[in-house]
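A.B. asks: Below are the chains, spelled out letter by letter.
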Amino acid sequence: MTRVIKYVFYDILRTRFILLYTAFLLLSTLAMFQLDTDTGKVILSLMNIVLMVVPLVSIVFSTIHFYNSYEFIELMLSQPVNRRVVFLGEYFAVAISLCFSFTIGVGVPVVFYDTGASGFTLLYTGLMLTLVFVSMAFLSSVLTRDKAKAIGVALLFWFYFSLIYDGLLMWIIYSFMDYPLEKVTLALVSLNPVDLARILMLLQLDISALMGYTGAFYKDFFGSSLGLIFSSVILMLWIVLPVWGALRIFKRKDL
Amino acid sequence: MNIRSPLLSPHKMKDYIRYIFQSIFILLLFPVAANKIVVQQGGKVSSIKAALEQANPGDTILVKAGTYREGNILIAKSVTLLGEGKPVVDGDYKVEVFTVEAERVTIEGFQIANSGVSSMKDLAGIGSMNGHYLIVRKNDFVGTFFGVHLSGTNHVVIEQNTFKALLRSDHETGNGIHLWQCANATITNNTIRGHRDGIYFEFVTNSIISGNTSESNHRYGLHFMFSHDDEYRNNIFRDNGAGVAVMYTKNVTMINNIFDRNWGPTAYGLLLKDIRDSRVEGNRFEQNTIAIYMEGTSRTEFKRNIFIRNGWAIKLQASCDDNTFTENNFKSNTFDLATNGTMVLNTISRNYWDKYQGYDLNKDGIGDIPFRPVNMYAMVVERIPTAVLLWRSFLVFLMDRAEKVFPAVTPENLKDDYPSMKPYDLS
Chain A
39 MTRVIKYVFY DILRTRFILL YTAFLLLSTL AMFQLDTDTG KVILSLMNIV LMVVPLVSIV
99 FSTIHFYNSY EFIELMLSQP VNRRVVFLGE YFAVAISLCF SFTIGVGVPV VFYDTGASGF
159 TLLYTGLMLT LVFVSMAFLS SVLTRDKAKA IGVALLFWFY FSLIYDGLLM WIIYSFMDYP
219 LEKVTLALVS LNPVDLARIL MLLQLDISAL MGYTGAFYKD FFGSSLGLIF SSVILMLWIV
279 LPVWGALRIF KRKDL
Chain B
146 MNIRSPLLSP HKMKDYIRYI FQSIFILLLF PVAANKIVVQ QGGKVSSIKA ALEQANPGDT
206 ILVKAGTYRE GNILIAKSVT LLGEGKPVVD GDYKVEVFTV EAERVTIEGF QIANSGVSSM
266 KDLAGIGSMN GHYLIVRKND FVGTFFGVHL SGTNHVVIEQ NTFKALLRSD HETGNGIHLW
326 QCANATITNN TIRGHRDGIY FEFVTNSIIS GNTSESNHRY GLHFMFSHDD EYRNNIFRDN
386 GAGVAVMYTK NVTMINNIFD RNWGPTAYGL LLKDIRDSRV EGNRFEQNTI AIYMEGTSRT
446 EFKRNIFIRN GWAIKLQASC DDNTFTENNF KSNTFDLATN GTMVLNTISR NYWDKYQGYD
506 LNKDGIGDIP FRPVNMYAMV VERIPTAVLL WRSFLVFLMD RAEKVFPAVT PENLKDDYPS
566 MKPYDLS
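Residue numbers (the numbering used here), protein chains in the order written: chain A, 39 to 293; chain B, 146 to 572.
Okay, chain A solo, but in the shape it has when bound:
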């Protein structure tokens, strides 16, 4: 499998997109640190990048990459190689290169400017979201043979988790505002990796506000080690389950 990963990795480097992405992240992060002396505000702006741009780039890039390497995959499968090895090789190569870009582009400045716990939470959530959306991209890629359709599905995933889901959640909160909703919303938040990542960041940035009202409930939950394990496990599931489903489909698929 390492060999497959290596070849795919070289292939990704050759398209130069990943280098551009790294440069974009690095430049924008550095620019933010240069423009603002308050690291709290910088982390806040970076959080928007992590919650919006990183998932979008991850999912679109992975989907396009999958279709671009269709011929390579077909070639590999004509050899005596297990389908699982080829598929996971592709997945890990894409995931590793995107994580690598994120670590260089955002991680290095964040560590360099010494932003403490909030910086590390930012890196952690960014890497997790990258992996989650790469997984979803692979799922959308195996769902259909048509490249345009797959990109559409991928964008829909992104749109759903970034915006539509929050709209639904707000509608639920609004409709049932007279009921105790803490536990229900907690469960609903787990169904969206972007929200989960956002709340982990909120605990770093808006801790004072979260201490008020019902916010204290989330603070107690997510702030404890149990909550950290819970959110990590949920994010892991969001990474593993789509890949696992995609792999199942890919194994049986008529290419």
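Derived CB-CB ranges, DEER-like:
1. A:Leu279 x B:Gln462: 47 to 55 Å
2. B:Gln462 x A:Gly154: 33 to 41 Å
3. A:Phe150 x B:Lys283: 48 to 56 Å
4. B:Ser494 x A:Gly190: 49 to 57 Å
5. A:Thr53 x B:Val550: 36 to 44 Å
6. A:Leu264 x B:Glu440: 34 to 42 Å
These are calculated hints, taken from the structure and not from any lab test.
For glycine and all other residues, C-beta sits at the position ideal for the given N, C-alpha and C.
Got chain A sorted already, so can you dock chain B onto it with the hints?
C.D. replies: For chain B alone, coordinates are given in the frame of chain A:
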């Protein structure tokens, strides 16, 4: 011209001479140098009570190191009690340690420990009723129910003491410094921890609270009611259950205090209720759930304060009017201002808001377009607390932008017309 000094008038002259003679006569009645009585365990005088028995008004009682368990010590003469090497006076969890009945008493340098706890009487480390001119200095209060409990006592000085309550449940903990119906009190450089209210003022006028640290108290760091014309400056209020409350008062001055980490659903850095003609200046509010909560506050000036990393910097209820907010710095707060009405009766001007995104074409340091500090989502969270969960999501960002373009929920006229482009240099 007729210049006559009043001193030269023969009539007045007589008065003065009589005064001088009277004064000399009175002074002759007392020994000029006050006596000093030394209390030492195993010495000639071995208890504070015995020393008080012997003492004449004006005497000094020097208490050497040791532990004194004498029950309730009643001070009915104007004496100075001086502890040497921090003698411990222990109330054995039963009584009030010192009860001061005379005026002009000084208690200095003791460790005052373990007063009784009662729900009927306010037992204290030092209690006094009408003991004017009391001085309490450099004492350590450990495990007292109330630390200092004064009523009807004017011109007291309480300075450089430490108060540390035992870990008990709320109703078994009294206030650190409790003043009721006093005037001209001076409370400086004390440290108060773990009490119910750190400092409690009710009907206390013309007093100064300065340089104190009040932290980790169950309820308020400072609790202030019906106490007019007071001033508190350079105090630190930190980690208190409900922060600081100032209620039903006029002419209070609050300068250069620090309000820090008052966290919780009902915690306020500063709770202002029915306050008028007051001044809040140069304070620092950091990491409070709500930095300032105002209700029924009128004609109060908020100037040169720093609000940093609070949940809500200011919650301005619609019952407030004629207040002015100028030259404050608002930085990294989740919400800068929240309100529950649409009427605008307060002036907000020339503040620095880190969320301001306007421009300054003429380079005069003042932004050219007004800043609206009320965030639309703050009003949503006000109604539905659970909605705080969606804060900083893309959806909320879009809603906020839409609201900025067409204000529908937020009061349109609540704005800072002259926002500062740069933070003020406050420290």
